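Undergrad: Sequence:
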Amino acid sequence: MSFLCGKFGKVGKKHYLCTLIMDNTQKALELGHKPVGTLLLQYALPAVVAMTASSLYNIIDRSVIGQVVGPEAIAGLGITFPFMNLSAAFGAAVGVGASTCISVKLGQRDYGTAQHLLGNTVTLNLVVGFLFMVVSFLFLDPILRFFGASDDTLPYAREFMQVILAGNMVTHMYFGMNAVLRAAGKPQHAMYATLFTVACNIVLVIMFVWWFRWGIRGAALATVLSQSLALCWQMRLFADKRELLHLKRGIYRLKADLVRNIVAIGVSPFLMQTTSCVIVIFMNNQFVRYGGDMAVGAYSIANSMAMVFFMFVMGVTQGMQPIVGYNYGAQKYDRMMRCLWLSIATATIILLVGWALSMLFPRQIARIFTTDPELIDLAARGIVFDMLVFFVVGSQAVTTNFFQCIGKVKISIFLSLSRQLFMLLPMAYVFPLFWKLDGVWAAMPASDFLAFAFTIPILMWHIRKFKAYGTKDNH
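Going by my numbering, the sequence shown opens with residue 14, and the numbers climb by one from there.
Simulated from the structure, these hints should not be mistaken for lab results.
As the structure is a prediction and not an experimental result, all values here were calculated from the model.
Heads up, some of the hints might be wrong.
As the list claims (entries may be wrong) - For lysine-lysine, the following DSS-like pairs were computed, each having C-alpha atoms within a straight-line distance of at most 30 Å:
#1 LYS47 / LYS421
#2 LYS480 / LYS47
#3 LYS449 / LYS47
#4 LYS480 / LYS421
#5 LYS268 / LYS421
#6 LYS478 / LYS421
#7 LYS47 / LYS254
#8 LYS254 / LYS268
#9 LYS423 / LYS480
#10 LYS423 / LYS478
#11 LYS268 / LYS423
What the hints assert, rightly or not - Distance windows between CB atoms, simulated:
#12 ILE469 / ASP165: 41 to 51 Å
#13 THR361 / ALA277: 23 to 33 Å
#14 GLU387 / ARG273: 49 to 59 Å
Even for Gly, the Cβ is constructed at its ideal location relative to N, Cα and C.
Make a model of the complete structure from these sequences and hints.
TA: Here's what the structure looks like:
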């Protein structure tokens, strides 16, 4: 670390600054030495806690909207899912791509490039967030119609998205900075940012929707305001010169090679999210066709339940990402594989719990979101269908993320598309021809199981390749 300390001198404040930078550097280096199980707990637990809090917010948000505004608002909110997924796709292309590149560069101890990756992440988030906002505002109503909005649900969807789009640059930057925090060895800080956002969101949703009766627009405003406050704290952290990665002059100008690397890694989560957007659009239209607006509302509720537990898995994959990326960059393949197996086991156990609760208490879950008897019946049946083989989804999600973390983008993209585009889409078209509304629901578990069966042989083939490479570390 002498090159870091040399410019700061030996005494006083500069010496203290050098010591803190060395401490932060050491935290990044522990990814290659600390026991893998301890690391995964250290990195995944904050992400899981944060994702759990986000799931809690999603439940409270939708239940408040459903109870106060009405079942049509729930259906309108469901129409916005693909829009939100599309926005998240562009954010993931920058945030996940940059954080993965940073993890690999830290593993290679290329701190200068990691610093410039941070600056390019800020610039790309601002540019992409602004462009997405402008284009979406120009074509908002046609987009929502295409996503499945009817005359009854369009006003709710429009009101929600107008506010969300106005804060789109903040949203992109918030998620991007959280991803970089995890890559920089600060998973707890990423957790704190998420927990603060969720707590603030819940308070503001209750205030705006329940007390002030601002409707679905109030829920959107609560989301944007809470993310704005969290972003201020994140930027303050990155402005601290004592951090190994910090904001400074000269790192914001986009560099073609860095942008290419970010996009090359980020294209995988981008296509995953975009495919999810396409799927939700198609599913919304299928539900409207075979079951009406109430079926879309039921789909929204069932999705919310699935996401509660899938957010746990996302927390595990987020915790896995810097560990896998660092050790892959350091060519410590044995540690990398141990992290993969632990992540798969954890994700499977989590989703088994979600599956059991869904099978046992579907109507009770539906009642959290609405008091409408018709919607409760539809949602309860939908939850059972949607979660039928939910326990196999975790291993497929972890495996897809694993290939993304080690830069094997084509495999990651292929696995993601195989589940959603190549399996779910045709099944969701064909099954309803025979079983109507139940056919739309049944397409989801059928595609989940086939994707799982398809992924395992691919993973095992690559595992044999890594075993042949050997390892540099046995700890």
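Undergrad: Now, for every hint given, state plainly whether the structure supports it.
TA: A quick look at each hint next to the structure:
This hinted pair checks out: LYS47 and LYS421 have alpha carbons roughly 25 Å apart, not beyond 30 Å. A hinted pair counts as satisfied when its Cα atoms are at most 30 Å apart, and LYS480 with LYS47 qualifies at roughly 21 Å. For the given pair, LYS449 sits about 54 Å from LYS47 by alpha-carbon distance, which is inconsistent with the 30 Å threshold. Pair hint LYS480 plus LYS421 holds up; C-alpha atoms about 17 Å apart against a cutoff of 30 Å.
Our distance criterion of 30 Å between C-alpha atoms is met by LYS268 and LYS421, whose separation comes to about 22 Å. Straight-line distance between C-alpha atoms of LYS478 and LYS421 comes to about 13 Å, which keeps the hinted pair within the 30 Å bound. Our distance criterion of 30 Å between C-alpha atoms is met by LYS47 and LYS254, whose separation comes to about 26 Å. In summary, the hint linking LYS254 to LYS268 is supported, as the alpha carbons are separated by about 22 Å, within the 30 Å threshold.
For the suggested pair LYS423 and LYS480, the alpha carbons sit about 21 Å apart, so the restraint of at most 30 Å is met. Distance hint between LYS423 and LYS478 is fulfilled; the C-alpha atoms sit about 17 Å from each other, no more than 30 Å. With a C-alpha separation of about 24 Å, the suggested pair LYS268 and LYS423 falls inside the 30 Å cut-off, and the hint holds. Distance hint check for ILE469 and ASP165: the Cβ-Cβ separation is about 44 Å, which falls inside the suggested range of 41 to 51 Å.
Separated by about 30 Å at the C-beta atoms, THR361 and ALA277 satisfy the suggested range of 23 to 33 Å. For GLU387 and ARG273, the Cβ-Cβ distance of about 52 Å falls inside the hinted range of 49 to 59 Å, so the restraint holds.
Hint 3 from the list above is the single one not met by this structure.
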